[in-house]
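Novice: Take a look at the letters that make up each chain.
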Amino acid sequence: MTDTSIDSKEDQVFLNGSSYLTEFKPVFFDWTAAIIIAKKNLRLAIRYPANVLIWGILPVVWFAPFILMATAIAGPETSVYFTELSGFDNYITFSIIGWFVIMFLDNSIWGIGNNFRWEQFSGTLEPLFMAPVPRVSLLLGAAFSDSIQAVFQTSMLLGISTVIFGSRYVLTQILPIAIIMLVMIIALYGFGFMVAGLIIVFKDPSVLTELVSEVTWMISPVQYPLAALPSPVRFAAYLIPTTLAIVTIRELAITGIMNVVSFLTALCGLGLIAILFWTIGLGSFRYAVRWSRERGHMGGF
Amino acid sequence: MTEIKRSAIFERMWKREGFRAELRAANALAIKQWKVEFSYPLSVLWFIVMPILWFIPLLITGTAVSGGEESTYLEGLVGTGDWLSYVAIGSAYAGLSISMMWGTGFALRREQNVGTLETLMTTPMGKGTLVWGSTLHNLQHGGLGVILQLCGSVLIFGVQLNIWGILPALGVVALSIIAMQGLVFTIVCVILLAKQAWMVVELLSSVLFLVAPMSYPIAVLPPALQYISVASPLTWSVEGFRGFLMEGIGSSLVLNAVGALIVLDVVFLVLGVLMFRYTERYVRMKGALSQF
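Protein chains in written order, with my numbering: chain C, 395 to 695; chain U, 4 to 295.
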């Protein structure tokens with residue numbers, strides 16, 4: 395009796411699977427696949443809780459040298475020159491917001507961009523690509539899980555920094571900050587897709603990822619205001635989704651003043667950047683997958 | 004090749020011993036790593052631009068807070084107001100340290116990942132030579148990075164170097180490698196035991212870099228961190244290296260740094276080598292060499 399029931403269950407699973415395959419029609423996006431991938435990645439992340447913890451602590455150790463250097467050069471008080479240049483009178487409060495936002499960019503480069511590379515290292519890339527679901531769903535699933543992890547890590551970073559450096563932020567502007575963050579994260583997904591495409595073609599993730607990560611970090615107003623950058627670099631900085639977000643969030647979280655016009659301008663700007671990056675990101679990702687498959691390059695290291 | 008000739012080669016290989024033989028093996032390992040790196044074209048590009056890319060954010064931050072090339076506050080702390088040269092030389096040295104710590108520390112793990120660790124361990128060379136070979140490569144790699152960054156800083160940003168201090172600064176590098184090797188052996192032990200030890204290494208190196216006076220003097224650190232800083236060979240390496248390149252050979256502070264470095268060399272190297280010997284033997288006994 396038991397054997398028969400197992401057989402029937404297995405048959406049922408097989409029939410369900412084969413009916414899915416026979417009735418399968420290509421779709422642009424598969425939410426179920428994305429959510430399954432997100433859950434799988436989160437389950438993996440929970441298996442290594444120290445990783446999540448360490449990524450909350452490490453950024454503090456990374457930005458502390460900049461704060462110490464600023465102290466050594468300008469003294470313990472924020473310099474008048476910096477205040478004139480940035481409009482803010484506390485260097486530490488200023489840079490913590492920069493690091494808080496840039497962590498999402500870092501996550502999109504290392505997490506979303508490298509997602510298929512990690513799958514390749516685990517030996518699961520080719521089976522994943524054989525699944526009858528759009529590749530973008532797999533990538534977006536990874537992006538969801540990365541965003542959840544990034545929110546957790548940045549909250550930790552903000553909490554630790556607030557305790558160590560005694561920085562205070564205005565909590566009343568949390569809603570507009572959340573809106574800006576949401577649009578920025580959507581834009582970053584497009585950026586992550588673009589990096590994923592590059593990594594599928596070039597493979598070696600450490601160098602390419604480091605290069606993209608360092609350059610975007612360097613031209614982002616994390617440790618310094620945009621005004622400190624030369625004009626052409628400033629223009630390039632605005633093309634990175636995090637730049638507008640950092641500038642706007644700083645204004646909201648530090649001063650607590652909401653200028654509706656500049657907020658809406660930033661929101662529209664981020665929306666446009668999101669459309670731009672999704673178009674470029676999806677296009678380059680699809681091209682990279684096709685290019686790699688045609689050359690039998692997908693599983694190669 | 005006849006069987007007799009082949010066995011003669013094997014026999015010679017097994018009989019090889021002494022410093023020169025180990026040096027040849029270390030050199031072969033260093034060349035092998037260069038070949039691996041140069042087989043990725045992006046690695047070459049990264050190697051050239053990386054030293055400058057690391058320095059630029061420091062330069063922009065310094066300019067944003069100081070508004071010029073001189074800092075009176077820094078002058079009060081270390082005797083020089085030329086913050087640009089101070090930071091450029093200190094951060095150039097950071098590149099060498101990172102290359103040594105990460106590159107050498109993870110050398111055995113890399114071999115393990117590509118499946119060659121056990122093969123290398125069965126070759127007739129000292130087990131420590133595996134680590135020393137990687138040190139040699141990373142010294143060349145990181146050293147070239149230091150040269151690139153310093154040349155870029157002098158030519159592009161107008162950093163001032165005292166040319167009479169170049170040779171003594173190289174002496175400091177030599178001394179610092181000995182103590183750094185002790186640290187590297189410790190990292191290798193952590194990796195051999197914990198396998199996926201990047202977190203430990205990242206935390207350890209981040210803390211060491213935080214307390215090292217790369218771009219600020221240790222006087223700006225909280226008192227507890229200042230104690231850790233004094234016990235770290237990185238601190239004295241950077242102080243000595245920068246001191247010679249900025250002030251030449253006449254500074255008494257630089258001589259203090261060299262003295263401290265010699266003491267720390269002995270302590271760190273002895274501890275590191277002992278730990279490596281014990282750990283390597285332990286891991287082999289447990290049969291855990293190829294475990295992931």
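Since the hints were derived computationally from the structure, they do not count as laboratory data. Don't be surprised by glycine CBs; every beta carbon is placed ideally from N, CA and C. Be aware that one or more of the hints could be misleading.
[Stated by the list, open to error] Across the chosen pairs, the derived CB separations fall in these ranges:
{"#": "1", "chain 1": "U", "residue 1": "222", "chain 2": "C", "residue 2": "520", "range": "54 to 60 angstroms"}
{"#": "2", "chain 1": "C", "residue 1": "685", "chain 2": "U", "residue 2": "234", "range": "50 to 56 angstroms"}
{"#": "3", "chain 1": "U", "residue 1": "48", "chain 2": "C", "residue 2": "515", "range": "39 to 45 angstroms"}
[Claimed, not checked] If you want the ones that stay clear, here's a sample from chain C, every Cβ over 12 angstroms from chain U, calculated:
{"#": "4", "residue": "520"}
{"#": "5", "residue": "571"}
{"#": "6", "residue": "575"}
{"#": "7", "residue": "652"}
{"#": "8", "residue": "661"}
[As the list claims (entries may be wrong)] One side only, chain U facing chain C, incomplete, derived with CB under 10 angstroms:
{"#": "9", "residue": "222"}
{"#": "10", "residue": "230"}
{"#": "11", "residue": "273"}
{"#": "12", "residue": "276"}
{"#": "13", "residue": "278"}
{"#": "14", "residue": "282"}
Novice: Run through the hints listed earlier and report the numbers of any the structure violates, in increasing order.
Specialist: 3, 10, 11, 12, 13, 14
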